[in-house]
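What follows is each chain in one-letter form.
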Amino acid sequence: EAGVAQSPRYKIIEKRQSVAFWCNPISGHATLYWYQQILGQGPKLLIQFQNNGVVDDSQLPKDRFSAERLKGVDSTLKIQPAKLEDSAVYLCASRAPGQGYTEAFFGQGTRLTVV
Amino acid sequence: DAKTTQPTSMDCAEGRAANLPCNHSTISGNEYVYWYRQIHSQGPQYIIHGLKNNETNEMASLIITEDRKSSTLILPHATLRDTAVYYCIVRGQPVGKLTFGKGITLSVRP
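Line order of the protein sequences matches chains A and B. In terms of our numbering, the first sequence is residues 1 to 115. In terms of our numbering, the second sequence is residues 1 to 110.
Just so you know, the hints here were simulated from the structure itself, not pulled from any lab data. There's no promise every hint is true.
What the hints assert, rightly or not - Label pairs and their in silico Cβ distance ranges:
no., chain 1, residue 1, chain 2, residue 2, range
1, A, 97, B, 29, 23 to 29 Å
2, B, 69, A, 39, 29 to 35 Å
3, A, 81, B, 13, 45 to 51 Å
4, B, 57, A, 72, 27 to 33 Å
5, B, 81, A, 76, 43 to 49 Å
6, B, 10, A, 81, 37 to 43 Å
7, A, 17, B, 57, 40 to 46 Å
8, A, 64, B, 102, 22 to 28 Å
9, B, 26, A, 84, 34 to 40 Å
10, A, 40, B, 21, 17 to 23 Å
11, A, 28, B, 102, 44 to 50 Å
What the hints assert, rightly or not - Listing some non-contacts, in silico: residues in chain A with all C-beta distances to chain B over 12 Å:
no., residue
12, 18
13, 62
14, 63
15, 68
16, 76
17, 78
18, 80
Everything numeric in this text was worked out from a predicted model, so none of it was measured. Even for Gly, the Cβ is constructed at its ideal location relative to N, Cα and C.
Starting from the given sequences, assemble the full structure and let the hints guide the process.
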């Protein structure tokens, strides 16, 4: 079974530029998450999708961050304009549907450096 | 979701058991305990979860105290590849977000 795919692996941009990250979840996984992980901290949820609808975006800085999941499969996360404090690893995760607990599978992440 | 408290770090010798503690004194009756780990430069990986009974799988064992206020993740024979940050997470719903703390850094020494 293929895992969660993310690209690019690394990105360096200047502040005030824009950037986009891409995630392809495991086939059939209805739930998709984007997490932000700053160095030395645990991952923080930015947004959760159920199919192509947003379930939780309470911690997404909506003035600069946006995310979409068209057709309920792939997802993109965009930052515009980027700030120095956005430097972090951006993790995508997906989860299969089910009545009981199903584990979340994470991608390797995109490491963003804003200079 | 209940808050968890973990030591910052610990180490153990390769081949020995690694016992990782977690306190969750405010856990409520319908909340599960989950453990994930994150190896350097990788995304978190699910290890195990439980409600009140002890659980075991091919990766680890989870021991939950009778009052459910704390738990211990046991890696029975730690290897160098088990060096990672281990996150203890408590939450109620089977679906939805996972709230990560800082976790505990386990260093396995040769």
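Outcome of the hint check:
About 25 Å separates the C-beta atoms of residue 97(A) and residue 29(B), a value consistent with the hinted range of 23 to 29 Å. The supplied range of 29 to 35 Å is met by residue 69(B) and residue 39(A), whose beta-carbon atoms lie about 31 Å from each other. A C-beta distance of roughly 49 Å is found between residue 81(A) and residue 13(B), which places it inside the suggested range of 45 to 51 Å. Under the hint 27 to 33 Å, the C-beta atoms of residue 57(B) and residue 72(A), about 31 Å apart, fit the expected range.
For the hinted restraint 43 to 49 Å between residue 81(B) and residue 76(A), the CB-CB distance of approximately 33 Å leaves it violated. Separation of residue 10(B) from residue 81(A) is about 41 Å and conforms to the stated range, judged on CB atoms against 37 to 43 Å. Remark: the range hint 40 to 46 Å for residue 17(A) to residue 57(B) is upheld by a beta-carbon distance near 45 Å. For residue 64(A) and residue 102(B), the Cβ-Cβ distance of about 25 Å falls inside the hinted range of 22 to 28 Å, so the restraint holds.
About 36 Å separates the C-beta atoms of residue 26(B) and residue 84(A), a value consistent with the hinted range of 34 to 40 Å. At about 21 Å, the beta-carbon gap between residue 40(A) and residue 21(B) stays in the expected band of 17 to 23 Å. A hinted range of 44 to 50 Å is violated for the C-beta pair residue 28(A) and residue 102(B), which are about 33 Å apart. The Cβ of residue 18(A) sits about 24 Å from the closest Cβ of chain B, beyond the 12 Å cut-off, so the non-interface label holds.
For residue 62(A), the non-interface assignment is confirmed: its Cβ lies about 17 Å from the closest Cβ of chain B, beyond the 12 Å cut-off. Even its closest Cβ contact with chain B, about 22 Å, leaves residue 63(A) beyond 12 Å, as expected for a residue assigned away from the interface. Its beta-carbon lying about 19 Å from the closest one in chain B, residue 68(A) satisfies the requirement of being farther than 12 Å from that chain. With a minimum CB-CB distance of about 18 Å to chain B, residue 76(A) clears the 12 Å threshold, and the non-interface call stands.
Separation of residue 78(A) from chain B is adequate, the least Cβ-Cβ distance of about 20 Å exceeding the 12 Å criterion. With a closest Cβ-Cβ approach of about 24 Å to chain B, residue 80(A) is found to remain outside the 12 Å limit, as its non-interface label requires.
Comparing the model with each numbered hint stated earlier shows that hints 5, 11 do not hold.
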